[in-house]
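Visitor: Residues per chain are reported as follows:
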Amino acid sequence: MVVGSVRRERAVMSARLALLLLGAAVMVVPFAYMLVTSFKPNALVLEVPPQFIPHHPTSANYVQAWTSNKFEHYFFNSLTVAAVTTALSVLLSSMMAYAFARFRFPGRRLLFGLLLIGLMVPTMMLIIPQFLLAKHLHLLDSLSGLVFFYTGGTLALNTFLLRSFFQDIPRELEEAMVVDGAGPWKRYRRLIMPLSRPALATVAIFSFLASWDEFVWALTIINDPDKRTLPIAIALFQGQHSTSWGLVFAASAIAVVPVIAIFIAFQRQFVSGITSGALKA
Amino acid sequence: MPPNRLTDFSNSSSPSVRRSAAALRLREVSRSRIGFQERAAPYLFLAPGFFLFTLVVLYPIARAFQISLYKWALVPGVASDFIGLSNYSRAIHDPIFWRALTNTGVYMAVTVPAQIVIGMAVAVLLDARMPARAFFRTIYYLPVVTSWVVVSLLFRYLFLTNGGLINWVLHDGMHVTPHNVDWLGQRWTAMAAISVLGVWKGIGWSMIIFLAALQTVPRDLHEAAAVDGASAWRRFRAVSLPAIRAIVAFVFVMLVIGGFNVFISVLLMTHGGPLDETQVLLTYMYQQAFSFLDFGYGSAIAFTLTMIVLALSVAQLRLFRRPGEVG
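If you read the sequences in order, they're chains A and B.
Per my numbering, the first sequence starts with residue 4, numbered consecutively.
Per my numbering, the second sequence starts with residue 81, numbered consecutively.
Next up, chain A with everything else stripped away, as it sits in the complex (with noise of 0.2 angstroms):
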């Protein structure tokens, strides 16, 4: 009976690991065969049957991925307005969240409510809009365009993210500071944010990742090829070379794997602030 059971248990763990290898197997051989492609001389991308171990590999998608078309300068301008819309965002979004946490005051549930609303709102539903008014702000064609309608978007959901983070800090911690005198501004730099690492470097994630990874604001303010962030460039080599899928995936490669590095470096952060929306909401 008992032997039984114990055989049982292991059939059903075997039963649920085949499952899982073979789920998690569709999710990784579309990213394998883009590597496999992105090491693939071009005249073999289309190739059938195709090579899953290429033959002669090369890395020359890579080289000339990352040396034509200001490849390099497309990555750096990623890097800054990412690096740029997360510093002001994670700062304007922790001021507001202190405020809304901490505070009590004439027409705070009419802001919250508001802010809800931009939480639901979709962005692309307001991209004309946005457009008009960054051609109004004079903001077209530029990567302050980009810093200034991503630090916009992301402010709603880092705010209500943080707010609740910090209704969680003890109240007393706060009360003791006040007693020495330290003013709202003070408690907020020395207590709440020191306190709050953990949400912050979940909000940074996010709102970098946002960035880095956006698309269509970009393709609609753009047009100044000097000007291009990642996403673009490889949807215009897409456009350019429509046949040279190994390129395509060298630029992916280049663009995805720091992401990946940043999701598995910050995997707790990552899953707590998914999590939490739901959860809480």
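If you're looking for bench data, these hints aren't it; they were derived computationally from the structure.
Be careful, since some hints might not be right.
Derived pair list, reagent style DSBU-like, types lysine-lysine, alpha-carbon separation capped at 35 angstroms [what the hints assert, rightly or not]: (1) Lys-230(A) with Lys-73(A); (2) Lys-73(A) with Lys-138(A); (3) Lys-230(A) with Lys-138(A); (4) Lys-151(B) with Lys-138(A); (5) Lys-151(B) with Lys-230(A).
Following the hints, put chain B in place on chain A, whose structure we already have.
Guide: Below, chain B alone, put in the same frame as chain A:
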């Protein structure tokens, strides 16, 4: 804390200082200054962020509706004509709008249930003491963190008619199809390919939320049901599912909203073609606005969509809000 504070405190004579002992000790700083500082603080903290948020998000929401009421003239100095709801009635009589709406609906009908069912299945499989759990979670989540641009180009390559991996597997490998399928060249096969991408990219997200929710279900409930001889399926139906119903509803609403937002994959895989056959609402809106420069009509489509999405979100908040939220 310097000891003289305490003596200062004992000398305190101001009766109207707030009741908390902490606030009482702030006597040495003028009371009105502190009061003003503390009252102004939230507004000062909010000001810069809220200004940007208003400019970039709130103002455009109002503006979207306004633009949709005009035959919008892009040329500076030329007045736009106010045409009331004409852009909306134009949508109602536009067969491509209806096709785009249908395609969006089909995309949702396929991807939403698939993401919920498969995401839930993976979450249930992972919700146990087992080896390599973190590894699996990471693998299933990889497509979620990868940019839409990259995966859309990747799936376009996989679904190529000649030389694509999918046709090679189906035709040359398994002989399921008699010839290579022109996946992206026809309406329904293209929508199928786009939906496959949507499901593949989205499973990890629903999985991770379901997994977190399942872990909040008390273990002893499960064990009690198991002792009573309930099968795994019954335990899932009777114990887990009722406990995480609100989360399932949340994921459902978010996925429906996500379905309305399908855009980059369609743009990069078919560009809405051939001949507008695979247009979805957002590709059609984008084409009207930025290819044909018809901002009024584009805004009408966008605003219709915004209203649908807002109604869904509010319904979700109303139905599943928990106590303790602001408001």
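Visitor: Please go over all the hints and tell whether each is borne out by the structure.
Guide: Evaluation of the provided hints:
1. Between Lys-230(A) and Lys-73(A) the CA atoms are separated by roughly 10 angstroms; this keeps the pair inside 35 angstroms, and the hint holds.
2. With a C-alpha separation of about 26 angstroms, the suggested pairing of Lys-73(A) with Lys-138(A) holds against the 35 angstroms cut-off.
3. Using a Cα cut-off of 35 angstroms, the hinted pair Lys-230(A) and Lys-138(A) holds, with the two alpha carbons roughly 16 angstroms apart.
4. For the proposed pair Lys-151(B) and Lys-138(A), the alpha carbon gap of about 19 angstroms is at most 35 angstroms, so the pair holds.
5. The straight-line distance between the Cα atoms of Lys-151(B) and Lys-230(A) is roughly 32 angstroms, inside the 35 angstroms bound, and the hint therefore holds.
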